[in-house]
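Novice: Sequence:
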Amino acid sequence: MSVPEKLADKLAAKLPLLGDRVDRSPVVAVVRLHGVITPTPQPLGRGAINLNAVEPALTKAFAHDRLQAVALAINSPGGSPTQSALVGERIRELAAKKNVPVLAFCEDVAASGGYWLACAADEIYAHRTSMVGSIGVITAGFGLTGLLERFGVERRVYTAGEHKHRLDPFSPVKDEDIVWLKGLQGELHTQFTDWVKQRRGDKLAADPELFTGEVWTGAKALELGLVDGLGSLREIVAKKYPEADIAVAEPRKPLLARLGIAGGSSVFAGAGEKLLAAIDAVEQRAHWSRFGL
1 MSVPEKLADK LAAKLPLLGD RVDRSPVVAV VRLHGVITPT PQPLGRGAIN LNAVEPALTK
61 AFAHDRLQAV ALAINSPGGS PTQSALVGER IRELAAKKNV PVLAFCEDVA ASGGYWLACA
121 ADEIYAHRTS MVGSIGVITA GFGLTGLLER FGVERRVYTA GEHKHRLDPF SPVKDEDIVW
181 LKGLQGELHT QFTDWVKQRR GDKLAADPEL FTGEVWTGAK ALELGLVDGL GSLREIVAKK
241 YPEADIAVAE PRKPLLARLG IAGGSSVFAG AGEKLLAAID AVEQRAHWSR FGL
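Residue numbers (UniProt numbering): 1 to 293.
Any given hint could be a false lead.
Think about it this way: if two alpha-carbon atoms lie no more than 20 angstroms apart in a straight line, the pair counts; the simulated SDA-like pairs of lysine to any residue are [unchecked claim]:
id	residue 1	residue 2
1	LYS197	ARG66
2	LYS220	ALA238
3	LYS203	ASP228
4	LYS203	THR190
5	LYS220	SER232
Calculated directly from the structure, the hints in this document are not laboratory data. For clarity, every value in this text was computed on a predicted model and none was experimentally measured.
Given the sequences, and given the hints that come with them, work out the whole structure.
Specialist: Here it is, written out as structure tokens:
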């Protein structure tokens, strides 16, 4: 037998025969939503969640032709209300279009905006040690009044519009600005609570602490109706969809993370980039540290 004939026989042996069973197992697609929810992640920063970053992963997850369900693996301390809403609404749009159930799995933390994302699912699960809830709105910043003067720096700000200069960190705080901010927070809080009530319905317990911004363990969250059960992603998926294969869709990573360059240690990062990376790291750390992480 010639060499070409031998190669042809080997290739033919590896091909399935006509009528052989082709694997057509159903698929549960997993989308990882890990990080702080922010519209403008720094390229040197840690993972972040926003619609632009997660859209490719969501589209890929819902595009499987044998799709049985989509699972959201959530690990987020929250962040931008708008990005939380945009991602949540996109998940619901795709779920309705494909007519498949969506399951959310809270890992270390699904709090504030992280819980907003979880509510985009039809069912929510958590580990008994997960941190869940924090249904509220927070605004944080720094008061730097007098700092520039100490270094002989004069700051000049010119505006058109009497309220254009609200909450300037270099100016003394004004009572009227705090009243305005509280009103804005109240409006966002109402939108958040309405979303939770819409998605969770009668599952929610009649507890006065539910919408105070408090955070609970997964075990307590189950008692309050914030989650539907306790367990890990693979455990629950194996029980609900025993015949399904798991396919993971990863959101887009920051540019330099895709290039394998590590933040501030990069020889390509100048002083400005390192400063921005340091500020970004402090802000990200503050989000996580509220939950002991």
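Novice: Are the Cα positions of LYS220 and ALA238 separated by 20 angstroms at most?
Specialist: 24 angstroms, violated
Novice: Does SER232 sit within 20 angstroms of LYS220, going by the straight-line distance between their CA atoms?
Specialist: Distance of about 16 angstroms is within 20 angstroms: holds.
Novice: Can the restraint linking LYS203 and THR190 be considered satisfied, given a maximum Cα separation of 20 angstroms?
Specialist: It holds: about 19 angstroms lies between the C-alpha atoms, which stays within 20 angstroms.
Novice: Take a quick look at whether LYS203 and ASP228 sit within 20 angstroms of each other, Cα to Cα.
Specialist: 8 angstroms, holds
Novice: Would the pair LYS197 and ARG66 pass a check requiring their Cα atoms to be no farther apart than 20 angstroms?
Specialist: Violated. LYS197 to ARG66 sits at ~32 angstroms, over the 20 angstroms cutoff.
Hint compliance for this structure: hints 1, 2 are not met, and every other hint is.
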